[in-house]
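Chain order of the listed sequences is A and B.
For what it's worth, our numbering labels the leading residue of the first sequence as 1, then goes sequentially.
For what it's worth, our numbering labels the leading residue of the second sequence as 161, then goes sequentially.
Source of the hints: derived by calculation from the structure; they are not laboratory data.
Note that the structure is a prediction, hence the values are computed from the model and not measured.
Where is the CB? At the ideal position from N, CA and C, for every residue including glycine.
One thing to keep in mind: the hints can contain errors.
To be verified - Derived lysine-lysine pairs resembling DSBU-like cross-links, with alpha carbons at most 35 Å apart:
id: 1; chain 1: A; residue 1: Lys128; chain 2: B; residue 2: Lys349
id: 2; chain 1: A; residue 1: Lys109; chain 2: B; residue 2: Lys252
id: 3; chain 1: A; residue 1: Lys97; chain 2: B; residue 2: Lys264
id: 4; chain 1: A; residue 1: Lys97; chain 2: B; residue 2: Lys311
id: 5; chain 1: A; residue 1: Lys112; chain 2: A; residue 2: Lys59
id: 6; chain 1: B; residue 1: Lys311; chain 2: A; residue 2: Lys128
Said to hold, decoys possible - Each pair of labels, with its calculated beta carbon distance range:
id: 7; chain 1: A; residue 1: Glu43; chain 2: B; residue 2: Glu261; range: 30 to 40 Å
id: 8; chain 1: A; residue 1: Arg35; chain 2: B; residue 2: Gly179; range: 40 to 50 Å
id: 9; chain 1: B; residue 1: Pro192; chain 2: A; residue 2: Ser22; range: 20 to 30 Å
id: 10; chain 1: A; residue 1: Pro12; chain 2: B; residue 2: Lys311; range: 18 to 28 Å
id: 11; chain 1: A; residue 1: Glu43; chain 2: B; residue 2: Lys316; range: 47 to 57 Å
id: 12; chain 1: A; residue 1: Ser22; chain 2: B; residue 2: Arg313; range: 53 to 63 Å
id: 13; chain 1: B; residue 1: Val201; chain 2: A; residue 2: Gly38; range: 48 to 58 Å
Given next are the chains, with one letter for each unit.
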Amino acid sequence: MSQQGENSYSEPERRAQERLQSIDTLKAPIIQMGRDMGYEVIENHDLGAGPVHITWVFKPGSESLPDMRLGFICLTEFSNSSINEGVARAMLNLIDKLVFVVPTETMTKEIKDAIESMPDSSILQLRKYVTVLTPSTLVSKQGIRGARERESSETGGEVI
Amino acid sequence: MAAQNMNLERLIEAGEEKGFEVEQNAEYGAGPVDVVWNINVHRALPNVKFGFIVLGGEEEQQGGSKDTDDNQLSLRKIEEATFRGIRSGLDKVYLVTENEEMAKSVSGKIEWLASHGSLIRLDAISLGLYPDQQESSVIIPSQKRVPEGEKIRKEKEREREEKFDRYNRPQGERRDKESEEEKMERELKFDENSRPKGQKKALGD
């Protein structure tokens, strides 16, 4: 019965289904991690420019300071048009930093290269706005201190 | 496809007529740009790049219907094309559509996207155009376009509010502000006009 149901999908429909499924798989750990870290987590944040899959809203704790929004867009396959679209959606939805979440390390490299290969004359320096990673990298890097943080603790500095 | 070719030829001719260096199907690493005009403003200054991207009606990725059927191109397509141009290092990205209605719709959507207050002002970079366009493609807000009309409308609104205020005040309030003379005149009129017809005539005689 279920097999019949599966067969009734046309090829593009089946591909779209698979894509949605893999996006859900990529999203799940990010939602969980955002909640664990105490951020406000918004799924499919959209001000009108199209959905940003996950957004973590960081509130600096003072009314006079604006909220910071970290947006996650999941990409299941590499293409320049999907990068263009993702960056557009994030910027136009007022996301402060964008993270592309991809399923494999190979794809991470492809997207990083595409973003860094922008011409010098471009008004945007996307490498300052976009980070690319896999969910496993995100999880495994939890708890590892950055170089600056290490330095400051070694020199007795205080992280404010 | 034929419509797209026609658009491109007109754009290429127009650029060459103006003496610009014209590139066709340029690829700078972010996807194809149909036509690029390299404008040499001055020897001392870098070239200014105008890019033209033809927006097609087919929804290639999702196998959906044509979104040109109702002269509306999707936001997704507009965003993608504009950022393709920005990532390609273009100074201006013009989105070329089949007809005037679609061009206006694209410009309107760009304005709308820009109105959210993003870091990047999309309307300062991108605009919708159609091949036969002769007049300015910049959308002028109605306040600037018809300032007189706006004034008239507000004047009428004020007048209407004044009238409303005059005739719809609660009765008690109106009486308080009435002078003795006005009160007498009002009562006299009321007396004259409220009597049955026959009686009035009789009094008049």
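- Query: So which hints don't hold here, by number, going up?
  - Reply: 1, 4, 6, 8 and 10
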